[in-house]
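**Student:** Sequence:
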Amino acid sequence: MTQRGRHRRRRRGRALRGFLAGTALALTAAATMISASQATVSDTPGELKQVEVTSALRMTEDLVPRASLDRLAAGMGRPVGVSDVLASGDRLLRDRAECPAAELAGLPVEPEPATAYCWDAADTSGWRPGAVTTSGDADEDGVWGTNRVILSGWSHAGGLAKVAFVDANDPGRLTYSWVLLAVPVDGGNDIRPLGSQLSGMVWYQDKLLVTAGAGDGAALYVFDMNRVQRATVDGDAVGRVAGGWSAHGARFVLPAIGTYRLGAGSPRPDTISLDRSTVPDSLVAAASGRPDASGKRGGARLWRYAFSSLPDRGGLLAADTFGRVAPTEAYRTGVKNLRGVLSRDDTWYVSQSPAPDHTHGTLWRQNTDGTSAAECDSSDDHACWSASPQSLSYWSATGEVWSQSGHTLFALPLASVDRAAKKQWSEDAS
3 MTQRGRHRRR RRGRALRGFL AGTALALTAA ATMISASQAT VSDTPGELKQ VEVTSALRMT
63 EDLVPRASLD RLAAGMGRPV GVSDVLASGD RLLRDRAECP AAELAGLPVE PEPATAYCWD
123 AADTSGWRPG AVTTSGDADE DGVWGTNRVI LSGWSHAGGL AKVAFVDAND PGRLTYSWVL
183 LAVPVDGGND IRPLGSQLSG MVWYQDKLLV TAGAGDGAAL YVFDMNRVQR ATVDGDAVGR
243 VAGGWSAHGA RFVLPAIGTY RLGAGSPRPD TISLDRSTVP DSLVAAASGR PDASGKRGGA
303 RLWRYAFSSL PDRGGLLAAD TFGRVAPTEA YRTGVKNLRG VLSRDDTWYV SQSPAPDHTH
363 GTLWRQNTDG TSAAECDSSD DHACWSASPQ SLSYWSATGE VWSQSGHTLF ALPLASVDRA
423 AKKQWSEDAS
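Note that the working numbering has the sequence shown beginning at 3, numbered continuously upward.
It is worth saying that the hints were derived from the structure and are not from the lab.
Check before you lean on any hint, since a few could be wrong.
[Stated by the list, open to error] Simulated restraints on C-beta separations:
1. Asp45 / Val235: 50 to 58 Å
2. Thr234 / Arg93: 18 to 26 Å
3. Pro313 / Ala103: 47 to 55 Å
4. Pro67 / Ala239: 22 to 30 Å
5. Arg93 / Ala69: 32 to 40 Å
6. Ala103 / Pro173: 16 to 24 Å
7. Pro102 / Gly325: 43 to 51 Å
This one's a predicted model, so the numbers in the text were calculated from it and none came from an experiment.
All residues carry an ideal CB built from backbone N, CA and C; glycine is no exception.
Could you put together the complete structure from these sequences and hints?
**Tutor:** Here it is in structure tokens:
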């Protein structure tokens with residue numbers, strides 16, 4: 003049975019309400035020392051350049067036949083809901099006070115996070131953190147059914163991808179359970195590992211969209227949150243095994259229900275996020291510039307797709323009768339080594355990985371008039387975002403931005419990002 007909550011559109015500018023209590027805490031002395039030792043001025047990327055929307059960004063939807071999905075469900079057993087996964091949470095995120103100093107040192111310096119948790123290194127050993135999304139994306143009231151949920155995506159070099167379903171109902175005690183992402187094969191008689199790294203993820207209504215890694219034929223994979231399956235065998239394999247179904251040690255499996263594909267040579271999304279300030283709601287995508295034959299990188303791209311408003315296509319993108327999904331807006335940005343993106347109204351927020359002479363990255367605030375970013379100190383240094391920037395997710399019901407840095411999950415008000423950014427726009431980069 004679906005776990006969908008109410009989907010009510012809020013008016014822009016409506017007051018945001020918080021759910022995670024606690025006052026902002028000062029960062030450790032180690033982080034302060036890092037800020038003071040950083041190089042002087044980060045290169046500013048200049049204003050956004052709106053560009054023509056071309057067919058190069060058009061995707062094609064390819065859904066798994068319903069018969070294959072039903073055959074898989076019949077073989078694996080009745081699907082379970084998100085609430086069942088949360089109730090099975092047997093692992094605990096550590097509160098900020100219990101996090102190692104080395105992890106805390108990688109948090110943003112300015113603005114400071116209001117909330118932070120860290121993952122157990124033993125539980126995530128060999129896995130790379132990537133994408134974050136929440137029930138604030140899934141439903142604008144911030145909850146899924148009655149639960150506040152955070153999803154954290156992780157990838158393994160062996161082509162495995164899994165998501166931590168975090169029960170965030172009690173800010174003082176966040177528990178989670180692992181769900182392996184998989185793809186149905188053989189007409190739904192078996193599953194295979196996703197085989198793709200997670201660098202972007204959006205949970206919208208009852209669908210979960212994730213980015214596909216380099217070399218994958220898909221640009222995005224789509225999952226149905228009402229089709230979570232239980233694994234019945236605890237082993238390293240993925241798929242049907244003697245005695246049942248295995249998910250490489252995870253207790254649950256989420257099989258893909260489809261993909262979105264781009265044409266050969268088209269920019270592939272490196273990261274994605276949800277924008278509820280558009281009508282209809284939209285999926286925001288970003289891709290770093292790819293190097294040419296000389297090794298020089300071109301400008302990074304930002305663009306968006308509209309979500310469908312049809313009642314039988316909840317959580318899917320707006321497609322024509324041929325399954326084609328056209329972008330609605332596109333820009334070029336001078337941000338290099340792009341890692342995360344958000345969009346609200348006419349403002350875009352783009353995170354950048356650290357430059358070679360910096361320990362922290364930068365979160366740029368951009369529009370077509372210019373670019374601004376927080377200053378770490380009086381030297382006009384903008385490299386004060388997290389040390390290992392990942393995707394960004396905006397929880398509209400609380401006004402918070404959620405992200406990860408290494409093994410640390412953190413949140414801070416978007417309003418603090420706006421306040422910390424310079425009020426004057428920088429001139430276009432030369």
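**Student:** Hint numbers the structure violates, sorted upward?
**Tutor:** Failing hints: none at all.
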